Amino acid sequence: MSTTDEPDLGLWKYSDSLGSLPDEYSDLDEDERDRRIQDAKDELEYEVVILGHNYQRETVTRHADFLGDSLELSRRAADADAPYVVFCGVTFMAETADVVTDDSQSVILPSMEASCPMAGMAEDIQVDGAWNELTSVVPPEDVVPVTYVNSYASLKATTAENGGACCTSSNATEVFEWALDRGEKILFTPDRHLADNTLHDLGYTEDDYVIWDPWKPELGGNKEEEIEDATFLLWEGFCQVHERFTVEDVETTRERDPDVNVIVHPECRREVVEAADISGSTSEIIDEVESAEPGSSWAIGTEIHLTKRLARENPDKDVYGLCADECSDCNAMRQIDPDFLLYALESLVDGDVVNEIEVDEDDAEKAETAIQRMFDV
Amino acid sequence: MSKTLEEYDVVVVGSGVAGCTAALKATETAEVAVVTKASKPEDSTTQWAQGGVATVAPEEDPGEFVEDVVEASAGEADRDRVELLVEEGSTAVEEFLVEEVGVEFDRADDGFHRTREGGHSHDRVIHRGDATGEAVHLALLDSLDRSTVDVYEDHTVIDIQEGGGVVAVDENEEPIYLASAATVLATGGIGDVYGRSTNPPGTTGDGVAMAALAGAEVKDMEYVQFHPTVHAERGFLLSEALRGEGALVVDEDGDRFLPSYHEDAELAPRDVVANAIYERSFDGDVYLDINPVMEGLDFVEAFPTAAENLTEEEMESGLVPVSPAEHFICGGVKVDDRGRTTVDGLYAAGETACTGVHGANRLASTSLLEGLVWGLRTGETAASEADDPRRPAEVDAFNGEMPEGFVDSKFTRLQETMWRNVGLQRSEEGLEKARQQLQRLRGEVRSYARGRVDSGLYELRNAVLVGLLVTEAALENEESRGCHVRVEA
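Line by line, the protein sequences give chains A and B. Position 20 of the first sequence, counting from 1, maps to 20 under this note's numbering, and the rest follow consecutively. Position 181 of the second sequence, counting from 1, maps to 181 under this note's numbering, and the rest follow consecutively.
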C-alpha cells in the first residue's frame with residue numbers, strides 16, 4: 001500500500017454531490033480545477049481565507065492557507081481580517097468559526113452535507129430532554145455539563161446555559177477538574193470514549209460512570225440510584241471512525257512491526273487506548289511524529305488523511321494507518337471535495353455567498369460563553 | 001458474507017398495482033423476479049385505495065375525461081400522456097384486470113356500476129364496494145402466485161446498479177444479489193418522509209431515491225397531495241361526510257376555530273379546512289368532535305368504517321385527533337410513455353414514476369389506473385429491451401457500530417422538518433431552513449450507510465434524499481399551483 005497516494009475509498013460508486021453542486025463543476029480535470037481555484041484565490045486576494053482541517057484530503061488541503069484542528073482553525077478565522085472564511089471541515093467546525101469570528105465575516109462550508117454524525121448523536125432537543133429528566137432526580141446545581149467541541153453550536157449554548165463548558169481532546173482533563181470543583185457530577189456529551197479515557201486519566205474507573213443512552217425511555221436506561229451513585233454520566237455517542245480501531249489492530253500491527261509506536265486518538269475505545277503506546281489529540285499526534293527519531297515506525301490510530309499527510313511530510317520515518325484505509329476514512333470530511341471548493345470560491349468572485357453557515361444569534365452568544373469558559377480554565 | 005446470485009431478465013422492485021402488473025406483463029416473454037419489502041398485502045398502499053378506477057363512461061366522449069384530468073392538474077398535465085391513459089385505461093381494466101386477473105368489480109345491469117367523484121364530470125369510477133384497492137391488489141397477488149415470477153418478500157432493495165443488477169437485504173439483514181438486465185422501480189409513495197400519511201408505514205420513497213442516486217432525472221417533486229382530515233395517530237381517513245353530518249373541528253380546549261377562517265366553517269372547501277387545521281397543528285392537537293353526529297343518528301350504522309377504526313375511548317369522548325396527511329406524490333422519476341427513465345436499463349411505474357398525467361394535482365381515482373396502464377407498458381418494454389443480465393457489484397460493508405435508536409430518531413427529525421416547512425404551506429424562509437437541516441441530516445446518515453448493510457438505515461437514507469428533492473423543487477418553483485402552495489413567511 002502506498003502511503004503517499006490519495007486513497008480512493010469510495011465504497012459506493014454514485015456521485016456524492018447529488019443536487020448540491022451545479023453540473024458544470026462535476027467532472028473537471030484536476031489541472032484545470034487547481035488552476036481555477038488558484039485564479040479565484042488570486043482574484044479574491046485578502047477577501048478570503050481558506051482553512052483546511054487535518055482530516056481533509058490532500059487535493060483540498062493543497063489550497064488551504066492554514067491547516068489544523070477545529071479550534072486552531074477557528075482562531076485563525078477570528079484573527080484573519082478576511083470577510084470570507086472558507087472552512088474545509090464539517091458543519092460544527094464552521095459553526096464554531098462563525099461563533100468566534102465577528103459579524104462582518106461570513107463562514108462558508110463548501111458542502112452543506114459535510115456533517116459529523118457524532119455531533120448528530122447529541123442534538124440539543126435530546127440533551128434538553130435528558131437534562132430535565134436528570135435534574136428531576138438530582139439537583140441541577142450538582143451537575144455540570146461538559147460538551148466536547150465536536151458538537152453543534154446549539155448544544156454548546158445549552159451547555160453554557162446550564163453552567164457548563166466546552167472541552168477539546170487536549171484539555172479535557174483540565175476541564176473535567178474544573179467541572180468537579182463546581183459540582184458533584186459531570187454530564188458529558190457527545191463522545192463517551194473521550195470521556196471514558198479522560199476519567200481514567202484522572203484516576204476514576206468504570207464504577208464511577210453510567211452511560212446515558214438518549215434512545216432509551218427512562219433516565220437514559222439507568223435506575224435512579226445508579227444516577228445518584230455515578231460521578232460521570234456519559235452520553236451514548238461516538239466517532240464512527242475512531243470507534244472502528246480495535247485491540248486486534250494494535251496486536252497484529254505489533255506482530256508485523258515489533259518496534260512500532262502505536263499512537264491513537266482519545267476518541268478510540270478505552271481498551272484500544274490502553275493497548276496503544278500513546279494517545280493524543282491530532283496536534284499531539286503531529287508533534288510526536290514530527291519530533292520522532294528518523295527511521296522510527298509509527299502506526300496512527302486516527303483519520304486516514306492525517307496519517308497520509310504525516311507519511312508524506314515525514315519521509316524519513318515509517319508512518320502508516322493502524323487499520324485499513326477504508327476503515328478510517330471519515331465520510332463527513334470526505335463530502336468536501338475540490339469541486340465544491342472551486343464552486344464556493346468562484347461564487348464569491350461573482351459576488352454570491354453560497355453555503356454560508358449562520359448560527360442563531362442567541363445560540364452563538366451562549367456557545368461563545370461555553371468556549372470562553374474552556375479557555376479560562 | 002452470505003451470497004445468493006440469481007439471474008433474471010427483469011427485476012421489479014415493489015408489489016403494489018404497478019409492480020404486480022409490470023411483472024405479470026413482463027413474465028409473458030422474460031424471466032422475472034419481484035423484490036418487495038412487503039410481507040403482507042396491507043404493506044402496500046394499493047391495498048388501501050378507497051376510491052376506484054376511473055375509465056371512460058359509456059355515455060361520454062373520451063375527450064371529456066381527458067379535460068377533467070388536465071383541469072385537475074392545474075393545466076400542468078402532459079396532454080398526450082393523459083390521452084394515452086384515458087385511451088388504454090378501459091382496455092387495461094377489461095382485458096387485463098377483469099379477464100386475466102379476475103377482479104370482480106361491482107356490476108349494474110348494463111356493465112360496471114360507476115360512481116362519481118370530485119372533479120369528474122361523469123359517473124366513471126368503477127369499484128368494488130368501498131375497498132377497491134384491496135380487491136384489485138389481492139387478485140393481482142393471487143395471479144402473481146400462480147405465475148412463473150419469483151417473488152422475494154420481506155426483502156429490501158438497497159442498491160440498484162447501472163445497466164441492471166440489484167442488491168437487497170433479506171429478513172435477516174443478509175445481502176442477496178440479483179443479476180438483471182432491466183430493473184423496474186415500483187415502490188410506491190413517500191408517506192414516511194412526512195410521518196403523517198395515508199400510506200402504510202414503510203413508504204420511504206425508495207424507488208425515487210435510488211433512481212436519483214443512479215443518475216435518473218426526477219420531475220414535479222414539489223407536487224405532494226395532502227388529505228385534509230386523517231386520524232392524527234393512525235392514518236386512516238375520516239370522511240368529509242362526518243362534517244356534513246355536524247361534526248365540529250376543535251382545538252385542545254374544545255374551542256372551534258374554523259368560523260374565523262371561513263363563513264361556512266366546518267363546511268368550507270377542503271383546502272380551507274386542511275390549511276386551517278395544518279396551521280393550528282403547530283399550537284397543539286386538533287380534534288374532530290363527533291358528538292353532534294352521534295346525537296343525530298346511529299353512528300355505527302351510518303359510519304361503519306369509522307366506527308370500526310375508532311377506539312372505545314374515542315367513541316366515548318367523541319373526540320378524535322385529526323390532521324391533514326400526506327396522500328400522494330404527483331411527481332417522481334421522470335419516465336417516457338413506455339416507462340423508461342433517463343438511465344438505460346432502468347424503468348419506473350406507478351406512484352414512483354412521473355408520467356406527466358397528474359401535473360400539479362391528481363384527479364381522484366386515477367392512481368390505480370396509472371399504475372395499471374403504465375405497469376403494462378413498462379413491463380412489456382422492460383422485457384423486450386432486456387439483454388444480458390448484469391451482476392451487481394458486491395457491497396463491501398464493515399458494519400461499524402450505530403446507536404440502536406439512531407434511525408428512529410432521525411426519521412422523527414426528518415418528519416418534523418418536512419411537516420413544518422415543506423407541508424401544506426411553504427415559505428421561502430422555511431424551505432431554506434429545511435434544505436439546510438436535510439443536507440446536514442443527509443450527511444450524517446450517509447456516513448453510516450457507507451459502511452453498513454441495514455434496511456432501516458437505507459430507508460432513512462432514501463427518505464432524507466426524497467425530502468431534499470421535494471424541498472429543492474419547492475424552492476425552485478415560486479408559483480403556487482395545484483397542490484404546491486407558496487406563502488409569505
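Since the hints were made in silico from the structure, they are not lab data. Some hints here could point you the wrong way.
As the list claims (entries may be wrong) - Quick list of in silico lysine to aspartate or glutamate cross-link-like pairs, DMTMM-like style, CA-CA up to 25 Å: (1) B:Lys433 / A:Glu361; (2) A:Lys216 / B:Glu233; (3) B:Lys433 / A:Asp103; (4) A:Lys216 / A:Glu226; (5) A:Lys223 / A:Glu133; (6) A:Lys223 / B:Glu233; (7) A:Lys216 / B:Glu100.
Claimed, not checked - These stretches of chain B come out as covered by chain A in the derived footprint (C-beta under 8 Å, 3 or more residues): (8) 81-94; (9) 436-442; (10) 447-461.
Said to hold, decoys possible - Ranges of calculated distance between the beta carbons of each label pair, as one might list FRET restraints: (11) A:Leu28 / B:Thr29: 37 to 47 Å; (12) B:Asn309 / A:Phe375: 55 to 65 Å; (13) A:Trp215 / B:Asp285: 16 to 26 Å; (14) B:Asp285 / A:Arg62: 27 to 37 Å; (15) B:Glu263 / A:Pro139: 21 to 31 Å; (16) B:Glu42 / A:Glu133: 35 to 45 Å; (17) B:Pro269 / A:Glu361: 32 to 42 Å; (18) A:Leu28 / B:Leu138: 51 to 61 Å.
Predicted model, so just to flag it, every value in this text is computed and none were measured. We put the CB at the ideal spot given by N, CA and C, even for glycine.
Tell me, which hint numbers fail for this structure?
6, 7, 8, 14, 15
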